Amino acid sequence: MPQIELAGKIYEVDEDGFLQELDKWNEEFAEAYASAEEIEGKLTEEHWRVINYLRDYFQQFGIAPMIRKICKDLKIDMKKLYELFPTGPAKGACKLAGLSKPTGCV
Amino acid sequence: MPQIELAGKIYEVDEDGFLQELDKWNEEFAEAYASAEEIEGKLTEEHWRVINYLRDYFQQFGIAPMIRKICKDLKIDMKKLYELFPTGPAKGACKLAGLSKPTGCV
Amino acid sequence: MERSDTPLLDELEKGQWPSFVKDMKEAARKNPMAKDLLKQLELSYKDKIGHWKHGGIVGVKGYGSGVIGRYSDRPDLFPHVQAFHTMRVNHPSGWFYKTETLRKLCDIWDKHGSGLTNMHGSTGDAILLGTTTEHLQPCFNDLSDAGFDLGGSGSALRTPSACVGPARCEWACVDSLDLCYHLTMAYQDQMHRPMFPYKFKIKISACANDCVAAIARSDLSIIGTWKDAIRINADEVRAYAENINIQKEVCDLCPTRCMEWDGNKLKIYDEDCTRCMHCINVMPKALRPGKETGASILVGGKAPIVKGALLSWVVVPFMKLEPPYDELKDLIERIQDWWDEFGKSRERLGELIQRLGMRVFLKAVGLPAVPQMVKAPRTNPYVFFWPEDLKKEEK
Amino acid sequence: MERSDTPLLDELEKGQWPSFVKDMKEAARKNPMAKDLLKQLELSYKDKIGHWKHGGIVGVKGYGSGVIGRYSDRPDLFPHVQAFHTMRVNHPSGWFYKTETLRKLCDIWDKHGSGLTNMHGSTGDAILLGTTTEHLQPCFNDLSDAGFDLGGSGSALRTPSACVGPARCEWACVDSLDLCYHLTMAYQDQMHRPMFPYKFKIKISACANDCVAAIARSDLSIIGTWKDAIRINADEVRAYAENINIQKEVCDLCPTRCMEWDGNKLKIYDEDCTRCMHCINVMPKALRPGKETGASILVGGKAPIVKGALLSWVVVPFMKLEPPYDELKDLIERIQDWWDEFGKSRERLGELIQRLGMRVFLKAVGLPAVPQMVKAPRTNPYVFFWPEDLKKEEK
Amino acid sequence: MAKTDIGPPDYKTMLPPVIERNYGKWLYHEILKPGVLMHVGESGEALYSVRAGSPRLVSTDHIREICDIAEKYCQGFLRFTSRHNIEFLLDDEDQIEPLVAELKSRGYPVGGTGHSISNIVHTQGWVHCHTPATDASGPVKALMDEIYEHFVESKLPAHVRIALACCLNMCGAVHCSDIAILGIHRTVPKTDNSRVPNVCEIPSTIASCPTGAIRGDMKNKTLTVNDEKCMYCGNCYTVCPAMPIADPENDGISIWVGGKVSNARSKPMFSKLAIPFLPNNPPRWPEVVHAVKNIIEVYASHAKKHERMGEWIERVGWERFFALTGIPFTDQHIDDFDLATETFRTSAQFKWR
Amino acid sequence: MAKTDIGPPDYKTMLPPVIERNYGKWLYHEILKPGVLMHVGESGEALYSVRAGSPRLVSTDHIREICDIAEKYCQGFLRFTSRHNIEFLLDDEDQIEPLVAELKSRGYPVGGTGHSISNIVHTQGWVHCHTPATDASGPVKALMDEIYEHFVESKLPAHVRIALACCLNMCGAVHCSDIAILGIHRTVPKTDNSRVPNVCEIPSTIASCPTGAIRGDMKNKTLTVNDEKCMYCGNCYTVCPAMPIADPENDGISIWVGGKVSNARSKPMFSKLAIPFLPNNPPRWPEVVHAVKNIIEVYASHAKKHERMGEWIERVGWERFFALTGIPFTDQHIDDFDLATETFRTSAQFKWR
Ligand code: SRM
Ligand code: SRM
Ligand code: SRM
Ligand code: SRM
Ligand code: SF4
Ligand code: SF4
Ligand code: SF4
Ligand code: SF4
Ligand code: SF4
Ligand code: SF4
Ligand code: SF4
Ligand code: SF4
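Protein chains in written order, with the numbering used here: chain A, 1 to 106; chain B, 1001 to 1106; chain C, 2001 to 2395; chain D, 3001 to 3395; chain E, 4001 to 4353; chain F, 5001 to 5353.
No lab work stands behind these hints: they were computed from the structure. Source: prediction; values computed, not measured. Even glycine gets a Cβ: it sits at the ideal position worked out from N, Cα and C. Errors might be hidden in some of the hints.
[Stated by the list, open to error] Which residues of chain C face chain D? A few of them, derived with a C-beta cut under 8 angstroms, are:
#1 SER2004
#2 GLY2015
#3 PRO2079
#4 GLY2308
#5 THR2379
#6 PRO2381
Here chain A stands alone, though its shape is the one from the complex (with noise of 0.2 angstroms):
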């Protein structure tokens, strides 16, 4: 199993990336490996938003949320979410939110 070291720490993540033991998710796990998720800077509080909600709806739901639902929830658009991520919601802020990797519909 490929891994990865993040601010020091070391993840095991799979090829694409996702983490493999969710509970080591942190969140300098997701500030570390934004920029290969093509994200520049810092992760911003919107960032956050995003990745909050998809953690608490993973929690709750044991799914990731289907991406009409994530911007109906936060009230943003497509547009701001690929601006946000811009590798996109299933790829990226997933990944980043330490979300089992998705294989419905984010």
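Knowing the structure of chain A, use the given hints to seat chains B, C, D, E and F with the ligands on it.
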């Protein structure tokens, strides 16, 4: 609603004699009703085995058991059942046991 | 003229078709139950709603079925129908009667009941319509003495019925009447003492015209057929040709188009014939079913409640049917055992097969899968394999 | 002779049909990825099992789709296919190419990928088979510079496709190519940024022959048809009669039997014609579709997973289809909105309609119920009434 | 005590001698005229059956009248048919005409054979059942009066079998009739949760609902219907008296067409919805009578010989059926139960009308 | 940065001049010989298309070779078909023969038109996908070698469309093919509950199972498959990597027949199960090739002209199909999924064989 007096107590029953307030059921009710259901003499231990089984089952599952189940669980056959309750399990036994009027299968 | 109590129903005495209102009035003249029934029905016509209470469980000693309990919801207005139970009297196979038998039934019913009947109910019983709880046992006693017995009701075997068959029909491929009688007698217990998950109906039509609608309304439908060739009387074919257009009315309507008519001779490719009966129906003098006769057995037919209506499904394409019908009875019992074991309360056989799968049913009752069982093989790839189908590997 | 590394695959170089193994070897000669792919495939042939890991989510900036991630489960043996992602390149409508365009594609792929492709994938994309994660963005940049874009993947609109239509086919009732291009351009966002409950496919066949199998594999299937009469060239009919048996090959195979041929003149009862195309197919010189053309819109087609395969269902019997296709786009958007609102994750449009009922769907998207939508009306009596259907009584 | 389980009278004791002699050896039959069948045996002997219509709901006196007639002409032998007609069984050809004459004079229609409309199979309705959405005998009588000619004559393209059921239980083979008349409710049952605990089995009631519209609370012994999911079948009422569903203003009748049972030519078919709702309008249900007559007339003038209602519709298409009868097509015609998708049009083949 | 959302190249820029001129104004076509189509416009101009077979999995060099040919004969214009064949587009009739000759000499089969077997639509298999139960390109190549004559000649009763999908996802229109070849698993997925919590969405996995065979425990983050209810579709693996299903010994191929897509004559139809299982036997899958050839041969010798596989089977009956092909009928042929009852025989009409 018709009423019936058995062993000195008054019970609400429907036209078929089924108890309309199931919580009013008691052993005297069964005993007193037996003759109306063509049972000669007092209820025997075997009668009570069936009645108690029906009541337990009803309390647990909210329905009367299917005949096959009665026979299997109590290890008696249909003939025996009709000997005990000449008007049949649905009419005779359930009525005495104070179950709601079966619409299903007994 | 006296003002009628039943102005609405009176309207139904008019017209050419025989009127049930006339019969009700006839009975009402001498029977108070019939009179109150008439009046209650008038009220229903006025209110556009039925006036019977829900359900009713009444019966006769030793039986769990045969009587349908019924109570008026306006006993205040119609005291004579406060209790008004129906007795289902098992009919003689094929609904054949001698008048003396019928008269006995009438006399008993005038003595104990409303004097109104249905000849017959749609399951096939002679329906004695309306009596009180007190009269049930005495009425039954009289019926029994006169040689009658009750039919089925509740979660029991229901009164089997059969088309007129060999008694009058030249196309009968099985003795529907004898078989019906035989099964009725063999299964008295199942009929009178409900013990199944739900009702179970058997109907027998001696050919594919299905004159008792077996396929549509019986859990076990027996439909006569034959294995060999249609018998052709060439002269009679030519005689028909004088009056009908054989090409258009017969050949072109054959579902498998397996007939050829050259204006003189009719050729049937019997291996393609699906024995639909059409050609025989149109030319009964010229064509007859083959000689190697028997029946197809179908299961699962029923009305819509709960999971939707079902037409019966072929499970045995061909079975010879001769007394004592052991093969058939064996099968019936295997089927009922399985259903009884796995069926939920109020689940018909067809619904159980629907729920557990035909393959599970076939295995349980020991019938081999054959293409005749399906219109077409499955389209979805959700195929189960029995463990024994798989190559066993060392793990 | 050297012992081959790929004895099993070598067997597939034999025979007359062009061999994919030859192509793989060709590519393998100059490309290490192709070489490892070949070797890994040989291992699969030996082991009878695939050697790719599950899934993979990779992509290019700004897009959520267009790339299928893939990783070898034996990177130890085949390091060059450790990552081996597929890029789906949106094809030009109708799969028309100038060679210069194709050559550009080849050059880009030789630069960035394995040199292997599928021309085309079964949704219709040009599939560039296998590259590394690092190459994805540069490859996309080169593609974009050369005028290409990616197709759909994931829970997005998938690359629409269309039959050759008016470009070459005399039967085209709508401009399938233009419509396909138009929709593709209009819905770039839906294609590249997945936001639906699941995939959504659009396919367009310009007549009922359905040469892109639209009805079987698209959520929205557009099938050309006409409203007026088949155009008959009587002379050409007679010319065909020299070579074919018009009665047998044409009239008798017409599904509605709405044609009459008297050996000289062909009469079509167009009001009975269901525009199946058969007669036109057999006699293309003699018969042509009518002039009042448009398309039927069908929805719901899909492969078996999860609830079983579906063929699309007619929801608009006839729609004129001319640029800018506003009526159609309006409908598509209403449909997608409804689906997006009520669909569960991984629930295709057809499955949602199945779950909530056609009547709910029709009401939501504002389409009137017409008999063309069904093979036959319902048989079960489980009929809902909208509140507005009921007479309102005072309570 | 009365003997039990003796079974019905043995049919063999009920057969006229000519049947006993030719039992299983009939050769062919002819319909001599509407209502009169001749069956000829291999022996050359003939049996004549004269079929008379019956309201089915008959009094004992009515039965005695039938007996009188049978004794006068048929040595006391008769039978009933699977559609509740009466058949007088004769072996003497000369008795046919006098019998037919007497039947007619007493008001018995003679017919129902061949390409006619035979008796309407029906059920109890307000006369005896507890779940009806309409009456049975009444609409049947009103309709038979109007289509009487089709019973006593035989001038339709093929048999037309009509059946009526007063509720969705569909006692009878209503669901496979050329024309089915079906009583339906249209409003949700009104649950009386004060009675539920004493008179209803909660799990059985939940299980009774085809669409899963009922939720139950075993603790508090209550039942709740999700109005949106309820299609008023009334099955919950069958098992739970505390859920009455009858509603005088909204109950009524639906019309179904194109079913059949026989295997002749086409396979057995279910009837399909033609008219979702017609009002209950006793005593003569004019809307129902009119609607059924219209369907019969359109069928009679368009179908080919031997073509049953459903076979005709299948040939010309449902689009055409609705166009010809003028019946409006609605979203209620489109199935939305379990197998609904099987009825959706999965092809570009259809007619414009 | 690269431009996004530019869409595909405009097809209008890809059309040869003869098409530009006659776009939407074609009059009729003729199949000059297998693989060679002539389309004539209202203008009188003709377009010739020469169709060549392709393995679909092609190298860039292969594409360049095609380009070379197209430049030599077709001014650089060509297209691919919806079944992945290559079509060379000419306006000069004289170039047909030289082109065909060159194609043949380079090993390109010319054909696939009219009543032939065109290219087999297929999928990735072991070449690129993660869920295959068999390879795709391999069986296709092995089979096309054996039925090559039916591509280059046009001697069948009608079109025969064959498709292959390597798993139940059925990429392609496999489910509506005259003959469908489908990779199937036959054993239950092996759940690795140590990975489930980190790599699987439990609710999605449960929802993915068509037969409801999967139970999930949200607390402990585990999944359990009820073996009895699992029919090995592999959909759970698609959403949950911790449920691998591939099984070298038990994976294999099933054969389906009688589907079609066109509306010509009969309506579109699904393919139906013919052979539940044949082993994976690389590199040439002899059992599969043999089975498909047998079906083609029986069809070819029994069907009438213009009759597609499914139309022929519908006419003669599935009883006859099984009898003629010698394929054993098993309980697996009988549907047991959601709409199963619609496939059961609800009539007494059938053949003995
Ligand atoms: C009397 C009769 C109608 C008639 O007027 O002819 C009848 C009357 C009733 N039927 Fe029936 N059924 C009658 C033949 C049928 C048939 C036809 C047949 O047997 O050929 C069917 C359709 C076939 C079938 O069984 O599928 C039929 C399908 C039902 C159903 C549907 C449920 C099911 O799927 O089984 C019910 C509801 C129930 O069982 O709870 C039902 C229930 C009833 C009840 C008992 C009402 C109830 O919910 O408890 C009716 C009693 C009416 C009364 O008060 O007199 N009845 N019932 C028929 C029996 C007479 C006889 O014994 O000859
Ligand atoms: C590449 C392609 C097959 C091919 O070799 O041509 C393909 C390949 C895959 N398909 Fe497909 N599908 C491809 C056309 C189809 C089609 C045909 C079509 O689009 O016309 C279908 C049937 C039509 C339909 O959508 O219903 C199809 C139905 C599926 C399904 C079935 C689930 C469903 O939507 O009902 C899945 C499973 C899924 O989505 O999880 C699937 C999933 C997949 C995945 C992504 C595997 C997976 O489970 O994640 C495959 C990736 C293979 C790989 O690694 O390269 N693929 N897939 C086709 C796309 C190429 C292209 O873009 O041109
Ligand atoms: C008497 C009866 C059987 C019984 O045991 O009671 C009977 C008797 C005959 N039927 Fe029937 N059928 C009888 C109910 C049925 C039914 C059941 C029903 O209607 O509920 C059917 C199935 C109806 C359906 O498909 O929906 C039925 C479908 C047939 C057919 C096929 C008709 C068709 O073309 O679909 C024939 C053949 C024919 O008439 O050409 C037939 C033919 C016959 C023959 C000619 C058989 C014979 O050779 O004796 C009998 C006289 C027919 C006539 O009336 O013209 N019988 N027949 C039933 C009379 C009912 C009545 O009073 O009208
Ligand atoms: C080139 C192509 C369209 C495209 O955009 O690529 C095409 C082109 C033509 N099709 Fe097609 N069809 C094409 C795929 C299809 C498909 C889809 C498929 O096979 O996946 C179908 C539906 C197949 C099915 O029903 O399963 C299809 C069903 C037809 C039919 C109806 C056949 C039938 O009788 O069922 C015709 C009419 C005919 O050939 O008589 C037809 C006729 C034609 C005509 C004659 C139309 C015309 O006038 O130009 C074209 C030449 C046919 C030939 O090959 O003999 N085309 N045609 C496709 C060639 C595929 C290939 O390489 O073989
Ligand atoms: S089902 Fe057949 S055998 Fe029985 S009466 Fe009808 S036509 Fe005669
Ligand atoms: S019985 Fe039916 S299938 Fe057989 S030959 Fe006669 S019409 Fe044809
Ligand atoms: S679908 Fe019709 S219009 Fe399109 S290519 Fe095929 S035959 Fe021509
Ligand atoms: S298009 Fe089809 S339905 Fe119309 S006339 Fe031609 S063959 Fe008949
Ligand atoms: S159809 Fe319904 S209402 Fe009529 S008798 Fe049967 S159960 Fe009663
Ligand atoms: S009436 Fe029928 S649908 Fe409505 S709640 Fe009762 S059982 Fe369910
Ligand atoms: S059919 Fe299955 S295995 Fe084959 S490419 Fe599609 S998803 Fe992959
Ligand atoms: S393989 Fe298919 S049937 Fe089996 S558990 Fe997984 S999803 Fe369910």
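Here is what the structure says about each hint:
1. SER2004: violated, 29 angstroms
2. GLY2015: This hint is violated: C/GLY2015 lies away from chain D, its Cβ roughly 29 angstroms from the closest one there, beyond 8 angstroms.
3. PRO2079: Because about 31 angstroms separates C/PRO2079 from the closest Cβ in chain D, which is outside the 8 angstroms limit, the hint is violated.
4. GLY2308: Holds: closest Cβ of chain D sits about 5 angstroms from C/GLY2308, inside 8 angstroms.
5. THR2379: holds, 7 angstroms
6. PRO2381: Because about 6 angstroms separates C/PRO2381 from the closest Cβ in chain D, which is inside the 8 angstroms limit, the hint holds.
In summary, the numbered hints that this structure violates are 1, 2 and 3.
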